[in-house]
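**Q** Listed here are the chains, written in short residue letters.
Number of protein chains: 2
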Amino acid sequence: MRAIAQFEFGSADVLRVCDMPMPTLRPHDVLVRVAATSVNPADLRARRPSSARSIAREFPLVLGYDFSGSIVELGSKVAGWQVGDEVIGCPSLMRQGANAEFIAVDHRVIARKPKALTHVEAASLPLVGLTAWGALVDRANLREDQTVLIHGGAGGVGHVAAQLVQLLNARPVVTCGSSQSLAFCRDRLGLNTCLDYRAEDYADRLLESTQGRGFDVALETVGGDNMNVTMSAMAPLSQVVCIVPSAIDGLRSGAFMKSITVHYNMMTAPLEYERQPEKLGENLATLAYLVEQGQLRPVVDRVWPVSEMAVAHKALEAGGVTGKLAIDVADGWLN
Amino acid sequence: MRAIAQFEFGSADVLRVCDMPMPTLRPHDVLVRVAATSVNPADLRARRPSSARSIAREFPLVLGYDFSGSIVELGSKVAGWQVGDEVIGCPSLMRQGANAEFIAVDHRVIARKPKALTHVEAASLPLVGLTAWGALVDRANLREDQTVLIHGGAGGVGHVAAQLVQLLNARPVVTCGSSQSLAFCRDRLGLNTCLDYRAEDYADRLLESTQGRGFDVALETVGGDNMNVTMSAMAPLSQVVCIVPSAIDGLRSGAFMKSITVHYNMMTAPLEYERQPEKLGENLATLAYLVEQGQLRPVVDRVWPVSEMAVAHKALEAGGVTGKLAIDVADGWLN
Chain C
0 MRAIAQFEFG SADVLRVCDM PMPTLRPHDV LVRVAATSVN PADLRARRPS SARSIAREFP
60 LVLGYDFSGS IVELGSKVAG WQVGDEVIGC PSLMRQGANA EFIAVDHRVI ARKPKALTHV
120 EAASLPLVGL TAWGALVDRA NLREDQTVLI HGGAGGVGHV AAQLVQLLNA RPVVTCGSSQ
180 SLAFCRDRLG LNTCLDYRAE DYADRLLEST QGRGFDVALE TVGGDNMNVT MSAMAPLSQV
240 VCIVPSAIDG LRSGAFMKSI TVHYNMMTAP LEYERQPEKL GENLATLAYL VEQGQLRPVV
300 DRVWPVSEMA VAHKALEAGG VTGKLAIDVA DGWLN
Chain F
0 MRAIAQFEFG SADVLRVCDM PMPTLRPHDV LVRVAATSVN PADLRARRPS SARSIAREFP
60 LVLGYDFSGS IVELGSKVAG WQVGDEVIGC PSLMRQGANA EFIAVDHRVI ARKPKALTHV
120 EAASLPLVGL TAWGALVDRA NLREDQTVLI HGGAGGVGHV AAQLVQLLNA RPVVTCGSSQ
180 SLAFCRDRLG LNTCLDYRAE DYADRLLEST QGRGFDVALE TVGGDNMNVT MSAMAPLSQV
240 VCIVPSAIDG LRSGAFMKSI TVHYNMMTAP LEYERQPEKL GENLATLAYL VEQGQLRPVV
300 DRVWPVSEMA VAHKALEAGG VTGKLAIDVA DGWLN
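Here the protein sequences line up with chains C and F, keeping their order.
Residues 0 to 334 in numbering that gives the first Met the number 0 are what the first sequence spells out, letter by letter.
Residues 0 to 334 in numbering that gives the first Met the number 0 are what the second sequence spells out, letter by letter.
Keep in mind that the hints were calculated from the coordinates and are not lab data.
A portion of the hints provided could be inaccurate.
Identical chains share a label here; the pair holds if one copy fits it or two copies do between them.
Stated by the list, open to error - SDA-like cross-link-like pairs, simulated, lysine to any residue; straight-line CA separation at most 20 angstroms:
| id | residue 1 | residue 2 |
| --- | --- | --- |
| 1 | 313 | 12 |
| 2 | 76 | 281 |
| 3 | 278 | 235 |
| 4 | 278 | 136 |
| 5 | 114 | 327 |
| 6 | 278 | 256 |
| 7 | 278 | 234 |
| 8 | 114 | 280 |
| 9 | 313 | 11 |
| 10 | 278 | 27 |
| 11 | 313 | 301 |
| 12 | 76 | 30 |
Here the structure is a predicted model, which means the values were calculated and not measured.
Full structure from sequences and hints, please.
**A** Listed below in structure tokens is the structure:
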């Protein structure tokens with residue numbers, strides 16, 4: 000089969016089309032013909048050289064942590080799925096990814112593709128949807144009427160998280176770093192409170208947006224110094240879900256004095272696939288259901304054919320994306 | 000009335016016996032004649048000069064965040080209490096403390112003194128008991144059969160936390176730094192797994208004590224570099240309750256990769272007294288009930304008369320305490 004693989008860590012230029020053996024099915028796996036995938040920060044982290052790499056990688060390495068496609072073969076212990084079913088999923092970081100004609104994936108982590116979406120749209124949902132749902136619902140236990148801070152409201156995780164907060168009857172406040180992103184959040188997502196983090200009085204306006212009470216929940220997607228900004232805007236006994244490996248100064252940040260709970264949340268972590276694959280599948284089915292009900296929609300910013308994967312990586316690295324960058328795998332190989 | 004007060008921040012030598020006006024009752028307060036108090040690390044932090052002081056302090060400052068005594072007067076909005084009732088409590092850090100003949104305290108945060116304990120024993124329970132209960136039950140949601148790491152198992156919070164873990168049918172593993180403390184944990188508390196953190200193979204033995212699975216819950220009472228030791232011994236998706244204002248390196252510590260939840264927990268934080276005083280009172284009543292049932296017992300290491308408060312402070316600073324350092328306030332003024 001054809002795949003986009005890399006034989007060393009490096010810039011987007013290490014990505015190349017090559018022939019790979021067909022994936023071998025484990026008993027719980029289905030084999031999926033990939034119709035579309037998308038690009039996530041997880042691809043960039045896995046692709047680059049890193050001194051802090053926490054997952055062992057072998058070459059040739061195939062990235063791609065989202066897919067939409069159709070089942071072409073079933074493993075020996077697979078129940079509930081048929082050849083021909085159209086499915087979506089967020090495959091494990093520990094195995095070869097979806098930037099290929101076929102992927103072998105544990106059937107417990109997949110869900111039916113929402114009919115309302117194209118493959119390209121559907122492939123833009125799993126990783127960011129599972130990240131946002133896992134963070135807000137499973138970790139922070141988000142409840143009605145809570146006020147939620149979402150950094151990067153126009154980003155992949157951010158734009159889905161903001162929608163989820165609204166449909167859970169809580170109140171999102173998003174931050175953005177460009178007028179384009181602010182317009183996207185207001186006009187496409189219908190959000191009322193969108194703050195420009197470049198503004199001089201940003202920290203004040205953040206706290207004002209909660210009438211001075213502080214946020215009940217925050218989704219920390221930036222890390223570094225931003226963590227202190229987040230902590231200063233939180234309410235006592237509030238919940239911060241940190242999806243980046245940021246450091247926290249308990250005293251200086253105010254986290255200790257306010258008895259804040261910090262949930263580190265590494266989505267696509269090996270542990271989730273080993274410990275609770277069914278939970279990932281259930282969450283993804285819930286997200287697909289919300290899409291079918293018209294309550295949730297991943298927004299695709301741009302689409303490339305799979306042969307231009309390196310261009311898509313560079314676009315994500317350049318920033319300024321509103322929504323998701325998707326990859327059409329069905330036709331792209333012909334280019 | 001007489002009190003132990005200080006007129007500047009400094010060493011234990013700033014503490015002196017002096018005359019103070021009687022406390023003024025707020026509507027929800029009761030006035031308690033203090034029979035006994037105890038010394039906690041919170042006293043040392045409040046007494047010393049600090050660049051990181053988070054609570055404003057005015058002189059003369061009266062410390063003392065535990066008491067056992069009897070009610071002598073009721074505020075206008077107090078219900079459920081009578082003059083003469085023997086009560087215990089952990090007063091707010093925001094007000095004058097219990098190192099005095101009398102203290103004014105919100106009736107919602109106090110509980111009946113367990114009859115099974117002397118005043119000196121009873122005054123050793125509230126702060127450490129509320130800290131341990133709040134951390135393990137309210138924050139970490141401790142469940143049966145979980146494995147719990149408790150640093151400083153012979154210390155004030157540690158020795159009560161270890162007992163609570165046992166009576167909640169979970170499994171405590173305690174760490175100590177002296178043979179005396181290890182003997183205390185084994186012989187007085189009946190704990191099976193007590194590890195010496197001075198041992199060379201300490202980190203290995205910590206993980207072995209969980210059969211390699213890692214801890215479900217940890218009570219972090221040390222902070223600093225110890226946080227990395229704690230994180231390395233935790234299971235994925237586990238809970239660390241941090242009762243010191245420690246910093247966390249999300250990546251290097253492994254907290255991110257294991258999706259660990261860190262609950263900062265500042266006991267005696269103003270917010271608990273402002274937001275949920277009834278909860279503190281309920282928790283203290285539960286602790287008193289467990290004492291009456293013979294399931295929990297604070298251990299008093301040494302007792303001093305109140306006039307020797309500075310000696311007690313120095314003893315806590317010197318370390319090596321097994322259990323609590325208590326102060327007899329009823330008679331001590333005569334010395």
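**Q** The structure should be examined with respect to each hint, and the outcome stated for every one.
**A** Results of checking the hints against the structure:
| no. | hint | result |
| --- | --- | --- |
| 1 | 313 <-> 12 | within (9 angstroms within a copy, 64 angstroms between copies) |
| 2 | 76 <-> 281 | within (18 angstroms within a copy, 51 angstroms between copies) |
| 3 | 278 <-> 235 | between (30 angstroms within a copy, 15 angstroms between copies) |
| 4 | 278 <-> 136 | within (12 angstroms within a copy, 25 angstroms between copies) |
| 5 | 114 <-> 327 | within (17 angstroms within a copy, 74 angstroms between copies) |
| 6 | 278 <-> 256 | between (34 angstroms within a copy, 18 angstroms between copies) |
| 7 | 278 <-> 234 | between (30 angstroms within a copy, 18 angstroms between copies) |
| 8 | 114 <-> 280 | within (17 angstroms within a copy, 54 angstroms between copies) |
| 9 | 313 <-> 11 | within (7 angstroms within a copy, 62 angstroms between copies) |
| 10 | 278 <-> 27 | within (15 angstroms within a copy, 48 angstroms between copies) |
| 11 | 313 <-> 301 | within (13 angstroms within a copy, 67 angstroms between copies) |
| 12 | 76 <-> 30 | within (13 angstroms within a copy, 70 angstroms between copies) |
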